[in-house]
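Engineer: Residue strings, one per chain:
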Amino acid sequence: MAGLMRRLAPQLVALAALVGLVTAFYPAFLDLSFGGGRLSGPLVDVLKRAAPVALLATGMTLVIATRGIDLSVGAIMAICGAVAATAITAGWGLPAALLLALGAGAAAGLWNGVLVAVLGIQPFVATLILMTMGRGIAQLITEGRIMTFTDAGFAWIGSGTALGLPVPAWLWIATAAAFALVLRRTALGMLVEATGINRRASGLAGVNATVLLVAVYVAAGLCAALAGLVVTADIRGADANNAGLWLELDAILAVVIGGNSLLGGRFSIAASVIGALIIQTITIGIRLAGFPSEYNLIIKAVLVLVILVLQSPRLAPEWQFWRDSLRAARNRPADGKGAAK
Amino acid sequence: MLLTIRSLTKTFPGTKALDAVDFDLAAGEVHALLGENGAGKSTLIKCLTGAYRRDGGAITLEGAGIDPQSTVEAQELGIGTVYQEVNLLPNLTVAQNLMFGREPRRWGLIRNRAMRAQARAMLRDYGLSLDVDRDLGSYSVAIQQIVAIARAVALSGKVLILDEPTASLDAAEVRMVFDVVRGLRARGLGIVFVSHFLDQVFDLSDRVTVLRNGRRVATERTRDLDRVALIEHMLGRELEAATQEPAARRGPRPPMLRFAGMGRRGAVQPFDMQVGQGEVLGLAGLLGSGRTETAELLFGLKPAQTGRARDQGGALDLSTPRAAIAAGFGLAPEDRKTDGIVADLTIRENIVLGLQARRGWARPIARAEQNRLAEDYIRRLDIRTTGREKRVGELSGGNQQKVVLARWLAMNPRFLILDEPTRGIDVGAHAEILRLIHDLTAQGMALLVISSEIDELIAVSDRVIVLRDRRHVAELAGEDIAPARIMQAIAATGPAPAAAAQGAA
Chain E
1 MAGLMRRLAP QLVALAALVG LVTAFYPAFL DLSFGGGRLS GPLVDVLKRA
51 APVALLATGM TLVIATRGID LSVGAIMAIC GAVAATAITA GWGLPAALLL
101 ALGAGAAAGL WNGVLVAVLG IQPFVATLIL MTMGRGIAQL ITEGRIMTFT
151 DAGFAWIGSG TALGLPVPAW LWIATAAAFA LVLRRTALGM LVEATGINRR
201 ASGLAGVNAT VLLVAVYVAA GLCAALAGLV VTADIRGADA NNAGLWLELD
251 AILAVVIGGN SLLGGRFSIA ASVIGALIIQ TITIGIRLAG FPSEYNLIIK
301 AVLVLVILVL QSPRLAPEWQ FWRDSLRAAR NRPADGKGAA K
Chain A
1 MLLTIRSLTK TFPGTKALDA VDFDLAAGEV HALLGENGAG KSTLIKCLTG
51 AYRRDGGAIT LEGAGIDPQS TVEAQELGIG TVYQEVNLLP NLTVAQNLMF
101 GREPRRWGLI RNRAMRAQAR AMLRDYGLSL DVDRDLGSYS VAIQQIVAIA
151 RAVALSGKVL ILDEPTASLD AAEVRMVFDV VRGLRARGLG IVFVSHFLDQ
201 VFDLSDRVTV LRNGRRVATE RTRDLDRVAL IEHMLGRELE AATQEPAARR
251 GPRPPMLRFA GMGRRGAVQP FDMQVGQGEV LGLAGLLGSG RTETAELLFG
301 LKPAQTGRAR DQGGALDLST PRAAIAAGFG LAPEDRKTDG IVADLTIREN
351 IVLGLQARRG WARPIARAEQ NRLAEDYIRR LDIRTTGREK RVGELSGGNQ
401 QKVVLARWLA MNPRFLILDE PTRGIDVGAH AEILRLIHDL TAQGMALLVI
451 SSEIDELIAV SDRVIVLRDR RHVAELAGED IAPARIMQAI AATGPAPAAA
501 AQGAA
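Line order of the protein sequences matches chains E and A.
Last residue of the first sequence: number 341 in the UniProt record's numbering, and the count goes up by one each step with no gaps.
Last residue of the second sequence: number 505 in the UniProt record's numbering, and the count goes up by one each step with no gaps.
No lab work stands behind these hints, which were simulated from the structure alone.
This structure is a prediction, so every number in the text was calculated from the model and none was measured.
We treat Cβ as the ideally placed atom computed from N, Cα and C, and that holds for glycine.
Treat the hints loosely; a few may be bogus.
[Unchecked claim] Derived Cβ-Cβ restraints for the label pairs, each shown as a range:
hint: 1; chain 1: A; residue 1: 154; chain 2: E; residue 2: 298; range: 32 to 38 Å
hint: 2; chain 1: E; residue 1: 132; chain 2: A; residue 2: 125; range: 52 to 58 Å
hint: 3; chain 1: A; residue 1: 108; chain 2: E; residue 2: 173; range: 22 to 28 Å
hint: 4; chain 1: A; residue 1: 154; chain 2: E; residue 2: 316; range: 49 to 55 Å
hint: 5; chain 1: A; residue 1: 308; chain 2: E; residue 2: 263; range: 38 to 44 Å
hint: 6; chain 1: E; residue 1: 320; chain 2: A; residue 2: 483; range: 50 to 56 Å
hint: 7; chain 1: A; residue 1: 335; chain 2: E; residue 2: 302; range: 43 to 49 Å
Here chain A stands alone, though its shape is the one from the complex (with noise of 0.2 Å):
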């Protein structure tokens, strides 16, 4: 074995991050570490890299103890890692990056044109030629973690951990990152890759560890497991079958609103929809392709520039966040770090912000009423925390999106636009957030789910609506909403994902 954890124990106050873990590590093997949102995955990772120090166990590579202090530490010693997201600096360029804190000298300056041929070398047992002298922010996000990925293994060249490196990436992205990473796995390094995405485990993984509750619950070659299998190791439970069925197909709707012609240059070209009491819209199609632009349209971040709303009542104001929201509307965004959350309030002034906001600040909520809403959505949305006055910034990314919902929920809008609500998010978090979808339309509450998983669309919607070129070009409903329909109509006369064009050579 290349790495061996033995009984790996790290302890946090309140909690046993890790109890008693094993993990190893063959060279030439990509071994992936699964497990819910605080199962004890990155708490590992972190143990490994030098992060944490753990508090028991042992942790030997190629047959010596080691006990890295810091990442360069680890580094040094041949343990790189990856992170989701791209950890270089992307107004450098590629040469610089790859090279950086190692460039050739002489006499102290940099040599710039052996620099630059060291970072095509570098590139060229990728599969990559691109030109070193651009910004790396000037390419793609998956060429962005290749690059990532070329540095680390030439710091380490041992061990390579991967943590998420996909979720920002789109299907085409994937295919490249793994292409390289299987490379990297034919020339013996060990690979250890954390995912969300199940799909994505099964078609790059040799072996599967499951983590849950900080101990280890399986470790299993991934050719003898099925989904389910590995599905109920990660919960401990069995999936519910009301997840992963289509959504009950219902009668019309009694109409609720109406936009005609809404539209924003640059964003979303003009289109109609009508949305019904109760109902559930998808919005389906690849990223870029206008989904987010419709929902900050439609929101009022990026307001219409073209078209009209209405309700039964009458035309709707919808130029501002402020005027949605007292339309009725609701966003819960993608980015819930940057758009979401606020981290250094508690989960309960979260809770209470939007409606506080509402309220106007004169009439602030009693703290008793804080208090029965933070508790209450603590319970009804199963956020894992230690209390209410814990920092949001403190917990884990599904227990953010929850208290998210929880602040929108509490406002009670009429209209909530989920984008991307499962995104980066465990799969109990995941089934439990879908169930919620399910409870609230039947409130009577409309919701437009932006997703890039069909399967989550199909499950949820009673209608998707599909987008490409930032043009709404399908409206799919009842025996329609099937996956090959709804690829065929992204598919249509559609470019390939601009992404998939550049770079992959």
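So here's chain E without its partners, still in its complex pose (with noise of 0.2 Å):
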């Protein structure tokens, strides 16, 4: 416990900062009111805004952990919105329109696994394809239009309350929770790990590098089609266009802003999650903090510039001398023989 602390705090002292910075210029950040059954303010909406990049990011660790990278996570969660809304819109139902949707996931998911373990093509490339295929075949599902629906059951995925929060927020952490456990809990999450360090040693040692590949952009298709139904719930229909765009990418900041390696490797859900929620903090805070809109997204750049700087293996040195400097004047009293050697 003390182990995942430490590697959680550089995420949670900046999370914390970011939310410092956001109150002070918008004070009301911190309000809490329960009403309705649901508890409602700015943070219980960071929470529920930050579901789609959080479940992306979830998937996405894995897969950078495997030194891969997924571009095509955005282009899946319209995929599977579309298919939903149809499935939906054609009368079969909740249960049967939410597995197809998940089965489309993982079936995108294979699609870039097979590319990427099989045939051995570099994963920027293999999910490239799908990123610029997805939307396609998500338009050619919906037929070109924005496919709008009236479920209740689906509309409460996206914009429903349980237990006092919202569903998409539950979503999110009760997935990540769940990949976390399975990977800790079994041999999974040392065995990725492995093959993200060295696929070659793994291989030799016996570990079915291949299967796992594909195992985990499967994962990353199932958390996209999570993602996308979340998307689609939410505003009522599947937008083939604009479903999850760009969100790869801020998946993968959120990934990288949690300290994971892009070289592959160790890795941790809970510090991308992290990351997805600074992101969302970021975006809401500067709505709120009443910067004028177009300033967004440059102060968006430039505070996660910051903390990938502070973040940077360069400055370590710095923050442990740092770290050092404060020990040794706290000992200093008790063990004088320290700096006279």
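Put the two chains together into one complex, using the hints given.
Structural biologist: Structure, rendered in structure tokens:
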């Protein structure tokens, strides 16, 4: 537990600092109210709005841990949203629609996984194919229209409330927790890390790296399907052109803010979803703080830059030095010899 | 003295890597620096080349104190270094590599013709005439090594540090590099030579300094020194005789595995081979003779296209490493950095990785059991580490090799292939690994040992198979396992090693 806290400390500190910063501009940011069986307030809004990126970041963390990247998750969101909306409109019922959407996400992930793991195509290029093609597929499914629906059950996924919190918030928290639990309670986490660090050596040690890689892309596809469902349910319509547009980049950013290396290996899903929260806090915070909307993207970019610079490995020795000097200053009276040597 | 080091001290958290070490180097001298892994050789060199800051002591070059802050500064002061892995750019031409960063220019543009001429002139000093327009990578490692030396000497020109320059060279290539080094010595350079190969140290060096555990234990003239004394200095204990004697010649073994007509085009010609329980099979041959290819074929890494493998129970599937592992095979590969260790995982994770992969992801090995396994192998193989949670990438080469071995031992295979198990390993770890081989066979594990060191093969093998030109050409047993016989079989009608012929002008 102490190890986990140490791993998450930079992200938690960044998140706390951001919340503090936004509160300085917009004191009502921390306001929470309970009414009508649900909690509401800007922070709850952050939890809810972070859902698509947090879901994508959960799957993306695994892909990046294997030294890969998945650029297609935004397009997969569009496909899955289109599939679900079409199924609902066709009157197949909610369970079938959800299963079909998840199935479409898994199939898309399988496609990526086979290109990467079996055919050996660079992940960047392999997933670029589906990124390009995916929105076309989604348009074919919706026949080029924004397909709206009125199913209350489906809409609940995007805007409903359960146990006082928005359903999308529960969805990403549960998904991330389930992934983290499965990966760390089984040996999957270690095998994924080993494959990401040295696929060849892992294969020689008997790790079935090919199957593992495919599974990781399928997991990313499933996460994208959930994200697609949330977005589609929220606006009660499947928009093939705009659902999840550019969200793959936010997901990658969340993983990176989470301190996960793009070179693969050690990963932390918890850190990635905190990264997603950081991104969402920035987005909502800028709006609430009342900056003109044309500044939003620039401020967001600058804040992200600051966070990444503070986390950079080049600065790590400085932090260490700073901490050590503090500790030395504290211990000096007790240990007089330390300085003489 | 050209270079004098006095009381050099360097401390890392938890260890004193160098403890008041003295070292000096005369002009026109080759001074060998020896020691086990972790003795402090690389730390000494890194302090000298500015890669590390020293914590205490003085370095004097030609009478003036120096304190290099970077390798570039060390170079400008006159100290150049050539590493084991050639640190040049293989996809640039020879000329570009030699002149990189100081190309002759006119109005900011590189004068290619002048650059080529200068490069050729530099190489002429080394008795090399190469096509300087060819990519460096198209030449043999020995030539690349000499180009690296030429570049280092041109840039610095007083002290040349050779850090294991011969680790990936064959005998003829080593001679080539040594001729170059002797030429430089004659020109008055001071040369620091780090090597694990004692023969080479005796062959090349004028003086020897031995480090152990961060301290200097001896500096002596090479010709006053005998092999046993030197090894004693390095180990600080008597080298155990067991490792020096041939394997006890034991009777015939109960048969276990039978390979018939196994082969793969372009890798190794079809061969037959039998392995008995607890038997050690040695594979001898030059680099590129098909030794490693034989190992890769048996382990399903590059699976056989022809032939069959069977045991007492029937046919074996060796089509992938996973299949081979299921058949009870193991392979500790030659290149442990790329094929063996998973550098960013801990020692514990590296050791349990194979076992875990075989059990499947859904049945994790309990953490307590992992800890027990890791502690057990750290103790049994004497892996030098501060703890089981240390990243394997931070260990020295010999200890990394032991971690890879531990991974396989934990899986308890019946047939373990060891490809160059002692390459790049110091004398102490070397002896330990040979002893380990003895212990394993006593438990009935069969081994296939690939080694370039004939003495080592003789010491461990029940039978030796000799390869030449990707073909199994001879099998020796009993009294026939002797250096002369093995050399004969390797040499028979085979051509000289390809690399020796190339470019040795």
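Engineer: Compare the structure with each hint and give your call.
Structural biologist: Structure-based check of all given hints:
no.	hint	verdict
1	A:154 <-> E:298: 32 to 38 Å	violated (50 Å)
2	E:132 <-> A:125: 52 to 58 Å	holds (57 Å)
3	A:108 <-> E:173: 22 to 28 Å	violated (59 Å)
4	A:154 <-> E:316: 49 to 55 Å	violated (37 Å)
5	A:308 <-> E:263: 38 to 44 Å	holds (42 Å)
6	E:320 <-> A:483: 50 to 56 Å	holds (54 Å)
7	A:335 <-> E:302: 43 to 49 Å	holds (45 Å)
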